[in-house]
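Line order of the protein sequences matches chains A and B. Sequence positions in the first sequence follow the UniProt record's numbering and run 1 to 252. Sequence positions in the second sequence follow the UniProt record's numbering and run 1 to 252.
Wrong hints could be hidden among the right ones.
Identical copies go unnamed one by one, so any copy, or any two together, can satisfy a pair.
Unchecked claim - When the alpha-carbon atoms are kept at most 20 Å apart in a straight line, the in silico SDA-like pairs for lysine to any residue are as follows:
#, residue 1, residue 2
1, K155, S193
2, K66, Y46
3, K23, E35
4, K45, L216
5, K108, I252
6, K24, K36
7, K24, E35
8, K45, M226
I should point out that these hints are in silico values taken from the structure, not numbers from a laboratory.
Protein chains: 2
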Amino acid sequence: MEGGNELNKNGKIYVVGIGPGDKKHMTFKAVEAIEKSDIVIGYKKYIELIEDMIDSKKIVSSQMKKEVERCEKTLEYAEDGKVVALVSSGDAGVYGMAGIMIEVLLKKNSTVDIEVIPGVSAANASAACVGAPIMHDFATISLSDLLTDWSLIEKRIHCAGEGDFVITIYNPRSKKRQEQIVISREILLNYKSKSTPVAIVRNAKREDEEIVLTDLEHMLDHNIDMFTTLIIGNSKSYIKGGKMVTPRGYRI
Amino acid sequence: MEGGNELNKNGKIYVVGIGPGDKKHMTFKAVEAIEKSDIVIGYKKYIELIEDMIDSKKIVSSQMKKEVERCEKTLEYAEDGKVVALVSSGDAGVYGMAGIMIEVLLKKNSTVDIEVIPGVSAANASAACVGAPIMHDFATISLSDLLTDWSLIEKRIHCAGEGDFVITIYNPRSKKRQEQIVISREILLNYKSKSTPVAIVRNAKREDEEIVLTDLEHMLDHNIDMFTTLIIGNSKSYIKGGKMVTPRGYRI
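Throw the hints in and build the complete structure from the sequences for me.
Next comes the structure, spelled out in structure tokens:
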């Protein structure tokens with residue numbers, strides 16, 4: 001990529017899911033996109049995870065909660081002929097930057113080329129840390145009510161409980177959101193037994209990974225924060241030999 | 001890895017998710033595990049996708065529907081001191097080999113070391129192909145009733161519909177299972193409007209990838225088979241400019 005003389009001609013946006021954090025869990029395609037890019041944009045905590053693979057001159061890092069602004073900036077660079085990698089942790093298409101970026105593009109009626117590069121999501125990474133808990137039908141629910149009415153989140157928890165789904169919970173708790181996980185557990189106890197296995201995975205596949213295998217009765221006795229993903233089993237899930245497993249139904 | 005003189009001592013099992021198919025979407029960790037292994041085992045269609053990166057002497061390929069046997073074989077090699085990579089498409093922990101392998105290990109009371117290496121799942125890969133349809137809470141449901149009672153699958157479809165989840169559907173149809181997707185659509189029409197966006201993604205991220213963007217009313221007019229993943233939107237999902245997006249709720 002050279003310069004940006006012909007507006008819009010060579011610009012491109014890669015929305016790159018970098019996986020759970022450890023570079024080993026990035027895909028070749030994700031690394032290739034970052035290498036090909038003139039500019040790499042992302043929330044600074046995620047940029048830090050991969051900054052040793054990027055020429056520092058290319059990096060534009062951003063604060064949290066500036067997601068739309070970050071996408072607008074990305075589009076500006078791409079419209080100016082630059083190849084830009086917008087990085088997102090996990091899979092960019094799961095509560096990540098892919099949707100916001102496409103919505104910004106559509107709003108501005110931009111025809112700039114965009115490619116979403118999938119990554120290993122937090123649910124998949126956390127599951128691998130503890131065994132095979134999402135081997136059967138599962139529901140993924142974020143407890144963050146910043147952008148979603150809490151009543152809708154509650155309804156989804158009811159439905160996921162009633163359907164005996166394995167449930168992966170994103171954003172279970174933050175400094176300001178303490179009660180959502182408490183209420184969610186209460187709701188689930190209407191459908192799931194107290195002994196339902198629960199995995200609490202903090203910083204999955206990073207250096208400071210922490211794993212707790214517990215159950216619905218005792219899950220709140222453990223540290224749950226914004227770096228945590230929870231996996232709550234279905235009625236067939238079990239914990240044995242330090243692993244959490246949800247059987248698919250094979251005769252073993 | 002040298003020999004297997006000390007039983008159980010050096011053997012190890014990697015359960016490796018190889019992603020959607022194109023090697024570019026494998027993680028570095030997945031490739032490293034395959035390279036480190038003395039033996040690579042998998043269903044032959046998946047082995048074919050990666051066989052040019054493996055010394056052919058190491059390969060043990062297997063027929064479909066021999067999943068338990070394949071895991072027993074894997075364990076035998078590992079108990080004999082070998083490092084074995086058991087490969088699975090997508091993410092090994094989502095309807096893949098990870099759960100079966102761990103269950104076989106537990107049944108045999110084996111203490112052999114096992115590591116599940118997460119990959120890009122079919123849901124994440126398919127979503128990336130069409131835009132950002134799983135940006136909000138989603139449910140993943142397999143329509144295969146080989147191992148699961150159809151009544152439970154139906155119930156889950158009802159619950160996912162009622163909860164206004166985005167729904168990713170695995171195994172929507174095979175030669176022998178033709179009606180499940182028809183019934184599923186009927187169920188969903190109780191909860192979702194006919195104009196709900198639907199993405200039909202066949203061979204996601206492979207050379208022969210095929211994408212159809214349609215809606216719940218017209219989805220059955222298109223080719224749906226065992227290589228297809230379906231993504232059915234929630235009430236906020238839309239299709240525009242050739243992309244399917246589910247808004248997270250940001251003000252764009």
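Looking at the structure, which of the earlier hints fail to hold?
4
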